[in-house]
Amino acid sequence: VEYKDYYKTLGVERTAPAKEIKAAYRKLVRKYHPDVSKHKDADEKTKEINEAYDVLGDAEKRAAYDELGPGFQQGQEFRPPPDWGAQHGFGGVNAEDLFADLFADLGRRGQAGRAGARRTFQMPGDDIHAAISIDLHDAYTGTTRAVVLRVPEPDAHGRPQMREKTLSVNIPKGVTPGQQLRLAGQGHPGMGGGPPGDLYLEIQFNPDPRYRVEGVNVYQNVPVTPWEAALGANIAVQTPSGQVEVTVPPNSQAGRKLRLKGRGIPARTPGDLYLILEVVLPPADTERARELYAQMARELAFNPRQT
Amino acid sequence: MMQANQPISGVLLDEVALSLDELAHAVDVGPDWVVRHVQMGVLGFDASVQVTTWRFGSRDLDRARRLLRIERDFEANADVAALVIDLGDEIRRLRTRMRALGVE
Numbered sequence: 175v176e177y178k179d180y181y182k183t184l185g186v187e188r189t190a191p192a193k194e195i196k197a198a199y200r201k202l203v204r205k206y207h208p209d210v211s212k213h214k215d216a217d218e219k220t221k222e223i224n225e226a227y228d229v230l231g232d233a234e235k236r237a238a239y240d241e242l243g244p245g246f247q248q249g250q251e252f253r254p255p256p257d258w259g260a261q262h263g264f265g266g267v268n269a270e271d272l273f274a275d276l277f278a279d280l281g282r283r284g285q286a287g288r289a290g291a292r293r294t295f296q297m298p299g300d301d302i303h304a305a306i307s308i309d310l311h312d313a314y315t316g317t318t319r320a321v322v323l324r325v326p327e328p329d330a331h332g333r334p335q336m337r338e339k340t341l342s343v344n345i346p347k348g349v350t351p352g353q354q355l356r357l358a359g360q361g362h363p364g365m366g367g368g369p370p371g372d373l374y375l376e377i378q379f380n381p382d383p384r385y386r387v388e389g390v391n392v393y394q395n396v397p398v399t400p401w402e403a404a405l406g407a408n409i410a411v412q413t414p415s416g417q418v419e420v421t422v423p424p425n426s427q428a429g430r431k432l433r434l435k436g437r438g439i440p441a442r443t444p445g446d447l448y449l450i451l452e453v454v455l456p457p458a459d460t461e462r463a464r465e466l467y468a469q470m471a472r473e474l475a476f477n478p479r480q481t
Numbered sequence: 065m066m067q068a069n070q071p072i073s074g075v076l077l078d079e080v081a082l083s084l085d086e087l088a089h090a091v092d093v094g095p096d097w098v099v100r101h102v103q104m105g106v107l108g109f110d111a112s113v114q115v116t117t118w119r120f121g122s123r124d125l126d127r128a129r130r131l132l133r134i135e136r137d138f139e140a141n142a143d144v145a146a147l148v149i150d151l152g153d154e155i156r157r158l159r160t161r162m163r164a165l166g167v168e
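Protein sequences, first through last, are from chains A and B. Just so you know, we're using this note's numbering here: the first sequence kicks off at 175 and counts up by one. Just so you know, we're using this note's numbering here: the second sequence kicks off at 65 and counts up by one.
Only chain B is shown next, with the shape it has when bound in the complex (with noise of 0.2 Å):
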């Protein structure tokens, strides 16, 4: 049984950063589906050439969580896909901003 009063801590990701494997796991796809978006340039900003040191943080989780929804949602296009979750990104980016700057 889980123990409620003892509190867990955890990693912040961005810190401590996802392999490929994880990342996956993490959105319940095969690595080959991770592959295929860090090529495309929608995925791993920071991602090195050698795949084995590939790293994702928050940012990439979230974005590898909505891309997967609207390529099985609409059966979308991958790159249809990807410039979905762009304008979405900067869509929130401008409402942050918007905030920001006591403009709602």
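Just chain A, same shape as in the assembly (with noise of 0.2 Å):
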């Protein structure tokens, strides 16, 4: 595991107060935030800052991490030393596990700890948060993908400790960007006896240069000869759920849009396929070709910049 300088992260000294850490915390947060940011790597950024946070904007979170010491450097091979975070409740930690997982579940065993003074506490697992990336021709015909999420799991002692934990999912047909997909009971698991939380996956489309997702609804470029255009043509099309035969009708410009209904994503409501027309030039780079567009250019007697 490698150690991580939260302070650096932040930008702030060791002994900052905690007041500074907000106020530093604050100011990343909105540089970066992914609505705003131009950085590209905003979100990776956002991640890191709230990682940091989570840990330094905890009183007790802090303190075990101000216990390991300010000897090492960001990056370095790390691991705890075998009596540190006793006086948390820690304990048992897996060395192998993410820097971070070290603090995370201190929050809720506290939580735990107070409460099971009083009587035997039960609670019901938390629910976890993910998003999954799919292929638009995944979102036609569904598919099955491995999610791994790192999830707590009791162990012999009853302490929780950081496992891998690799779900094979089914993402059905029809899913459109934003989706949710809610995994009953796969969150984590609940406290003395408690039922487990569940899992929510995020739907994410990866980028694909040949289409375009709103929503339900699909576009593409379709590129065309200026005859096809003018003349209309049936052409073949390769769209996203197969090839189709699309009548060009005649007259047609650039950038004009043909509808192909039901053919976006059959999600209940099916969304429709826009097929956008981009009209492609022969180069007139043989004797022939000039000799056609000169032709044309006589013939024709056209000034696109007269109305």
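Just so you know, these hints were derived from the structure itself, not from any lab. Accuracy of the hints is not assured; some may be wrong.
[Unchecked claim] So, partial list: chain B residues that the calculated Cβ filter (under 8 Å) puts toward chain A: (1) Val75; (2) Leu77; (3) Asp150; (4) Gly152; (5) Arg163.
Note that beta-carbon positions come from the ideal geometry of N, C-alpha and C, so glycine has one too.
Hints are included, so try docking the two chains, each in its own frame, into the full complex.
Spelled out as structure tokens, the structure:
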């Protein structure tokens, strides 16, 4: 496991008061907010900032983190000392795990411990939120994807340890970007016999240079020749749902949208596929081609800058 | 131990929606937080008058998580947080629209 310098992530001194840490965190969260940031790695940065603040913004976790001492460098190979964290109720942490996991569970267990002093404590497990990326084609057919989660599992002494769990998940046909798939009982385990939480997977689409997706509708550029656009034609187009024969109406201009009803994402209410015509000119790189262009110039008397 | 090879199936939110308590649990807040935000008009656009029949979809879950983050990160007033995520949604909608039309 690699040591992470959370103070460096937030750009504050180790001695910074809580107020200063909060201010630094807020400034960075605004700077890297995915909706406004132009940084390419805004998502990654946001994750790092949140991870650092999850620890340093919590007095108890910060104390445990500080106990590791200032002797470590960012990225240095790191193993927690055997007695580390005992007073914070860690113990038995698996050193193979991600650095953040060392702290992840502290809040929950503190809560359970305090309540447990009064009576047998029962609590449903937390839900897990994760995202999964699929190709547009998968949304047309459905697919199965492996999801790797890090979840706490009680060891022989009932203490939670972070374990990697691989789930094979059926992604149904007809999903759209941003939709949530709920997997009952696949979240964190419950405490004291409480039911486990659920897993929520947000569906994301891998970018595809051929297609753009807006909700259930799909957009696709289709290159056509000038004569196909001008005279009309039946052309074969490779769409996400397979090859289709499309009629290009005569006198079509570049940018014309042809709507293929029901050929968008096959959701409960299926979307449409929009083909956007892109007129591609043949190069005038032979004598014959230049001759044909010259003939059009003479005989068509066409000036697009004149209304 | 979890069987890695046995594919499991879930339900798509929007086909099967969340109840008030389920949404609250998913976001890790009390049901009162959800109720307050539905009454404000930030969540549950299709929510009916009867609290017990309230149902929430993907969009509500996403918005609720972002709302909470803004409220907690900045100790923001709920109305300001609502405005922030409304603006965020509008930016996302416009970006998707632009991409769909081939304008990057």
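Structure-based check of each hint:
A distance limit of 8 Å between C-beta atoms decides the matter here; for Val75 (chain B) the minimum to chain A is near 5 Å, and the interface restraint holds. Checking Leu77 (chain B) against chain A by beta carbon gives a least distance of about 4 Å; that is within 8 Å, so the hint holds. A cut of 8 Å between beta carbons decides the hint on Asp150 (chain B): the least distance to chain A is about 11 Å, and the hint is violated. The interface hint given for Gly152 (chain B) is met, as the beta carbon of that residue sits about 4 Å from the closest beta carbon of chain A, less than 8 Å.
For Arg163 (chain B), the suggested interface contact is upheld, since its CB lies about 5 Å from the closest CB of chain A, less than 8 Å.
In terms of the numbered hints stated before, the structure departs from hint 3 and from no other.
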